Amino acid sequence: MIGELSAGQASQQGVRTIPYDLLKEIAIAMAVSLIVILGLALFLSSPDLPSVTIQSWAKADPVDFTTTANDELAGASVTASYGPPYNQGIGSVQSIGPISPQSWAGVHLNVDQPNDFVINPLKQAASNDTQLAGQISTYQAASADQQTKWHDAYAKALMDAKVADGKVTVADGDYGPVPALLARLVQLGQTGALDGLLLSSNHFYQTDYTKPLLFINDGGYIGGLAHDQHLTGNQWGMMNETGLYPGQTWLWLYTLWYQLPPFNQVSYGDLLVVLVMGLLTALLLLVPLIPGLRDIPRWIPIYRLIWRRYYTESEATTR
Amino acid sequence: MKDHAGDESAGSWTAATRRQLERRLPWENLLPDRQPFWVGSWVYVFGVITIAALVWVVLSGVVLAAFGPQWWHLSSVGRFFNSLHFWSVQLFFVFMVLHLWGQYFMASWREGRAPTWMIGVVTFAVSIVAAFTGYLSQQNFAAQYIAINAKDAVNSTGAGGFFNVLNFGQMYGLHVMLLPIAVTLLVVLHIVQVRMKGVVRPIGHEVKPAVPLDLRKK
Amino acid sequence: MGINVSVVDQPAGYLHWGFILISWPNLLVIGIMVVFFALALILPFPGHGSSAEKEKKA
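Residue numbers (the numbering used here), protein chains in the order written: chain Y, 1 to 319; chain W, 1001 to 1218; chain B, 2001 to 2058.
Please keep in mind that the hints were generated in silico from the structure rather than gathered at the bench. Remember, it's a predicted structure, so these values are computed and weren't measured experimentally. Just so you know, not all the hints are guaranteed correct.
[As the list claims (entries may be wrong)] Cβ pair distances, simulated, as ranges:
#	chain 1	residue 1	chain 2	residue 2	range
1	W	1129	Y	224	21 to 31 Å
2	B	2010	Y	314	54 to 64 Å
3	Y	300	B	2031	15 to 25 Å
4	Y	278	B	2024	41 to 51 Å
5	Y	127	B	2017	50 to 60 Å
[Unchecked claim] Sample of chain Y residues lacking proximity to chain W, with all beta carbon distances greater than 12 Å (derived):
#	residue
6	94
7	166
8	176
9	270
Ideal placement from N, C-alpha and C gives every residue a C-beta, glycine not left out.
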């Protein structure tokens, strides 16, 4: 039994031991590592690019903002048609044949894009603006069909939009009250009011940024910034850090799959990568039990370098 | 070894536990001052440097938590502590992976040490999750984009509704409390396993049946 | 308020080799790891080997 050893047994083991001070070792390790960490922190600092806000987005690219808001109100943005956990859509539901844990889990983080991102913030602003209140009523009174026609026409027109003084203008057309509503939303965005409205819609205290992040993500602005910093999925982004700093090098194998077919081609790429990495992690865990995998150390004799003194001595002496 | 059986209350859980601990992990094995002479390679220090780095990760993290998640964006001292935290995490993963490479090529799971290896792999995986929640807690551009990008993978597994990477409060709480506790517990288990079973013998020189080593000075 | 990018916040340079795309800082970290591992294998560990230090066998 481990630990149970009589003096006689021990004496027959024939193992030469040497003094080895474990506590001194950890003390030295802590001192040396602290010096290295202090040096790196003092000379290189750490990365901290400031966040994108709805405000910075609406100011920097009001056309992208308006296009996105148009999609949100139409229920046609990526996250508006996403699916679980946000809503009942199917646009981003991943499944491999019948296997779809995303569907099975269901909706738990209910987000209603048209109302949460557009109508409700506008209603707040309309509390002392009868014209805006009228435009909201006009929109909501229209049939779904009519609303879709307005949104489709406006989306098309936005592709040739012009910006003047932070305001978006498009060619004349039949868009109903949509341009007016969205222009007001842009204004709310540019003043910073929308950041607050999206976050604290029902409560004073908030730590859940689901709504503003989904809204920002539906636009193209943040993706463009991320692409500049090589953070996107097909730029090995998981491994990278902003600026000149090292990133998460230990994620190299996770992000590698996203650069290769079929992972970067199929709609269930994320699920597939999770399954592959789960399998590989299980293999790593079970190395001691897997023939072949557990024998590689014997075949690649790095151990002969590590224990060279032992092998020299034991080969030289007779027992 | 003295036999205290006569002094113990019959059927006592406490006495039985004490006996198990005395047998499995006597003080001479928990804090030995000698090692088999084959423990003489720099590869053996990768593990202890990993532990040292973890200590600095936790201590710098405690300071960051004490002053709140906004502090390091607003104060240069705060930024310095964030830098300490950032670089000690880098050191932690660098030396953990070096330790993994070393232990793999030494096939250190031999002679009953498979649990030690497995706890190590689990620690690696949990550390990655801990780091992930840390990156999500930065409240800056990188945190935003990591959250936005990662949500699809998490959602695809069905976990998205319960582990919401867009929810700063949830990620922060996991990062400053639950995951550090998990990593620390796993590291302690891992070290106890190593001390209980001792350092593995060189490849090709396993003893059958495996007997533990007596590290006391003769 | 947009992204204010100072020197250290400029995107790093990247090595693009086939489908591999890696930042120079990341490559440096990995390179250092490989060097450390090789050195650990080769460099003698202090306090061993001299015959004066050899203890009697148990």
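Q: Against the earlier hints, flag every one the structure doesn't satisfy and list their numbers going up.
A: Per hint list: 4, 6 and 9 violated.
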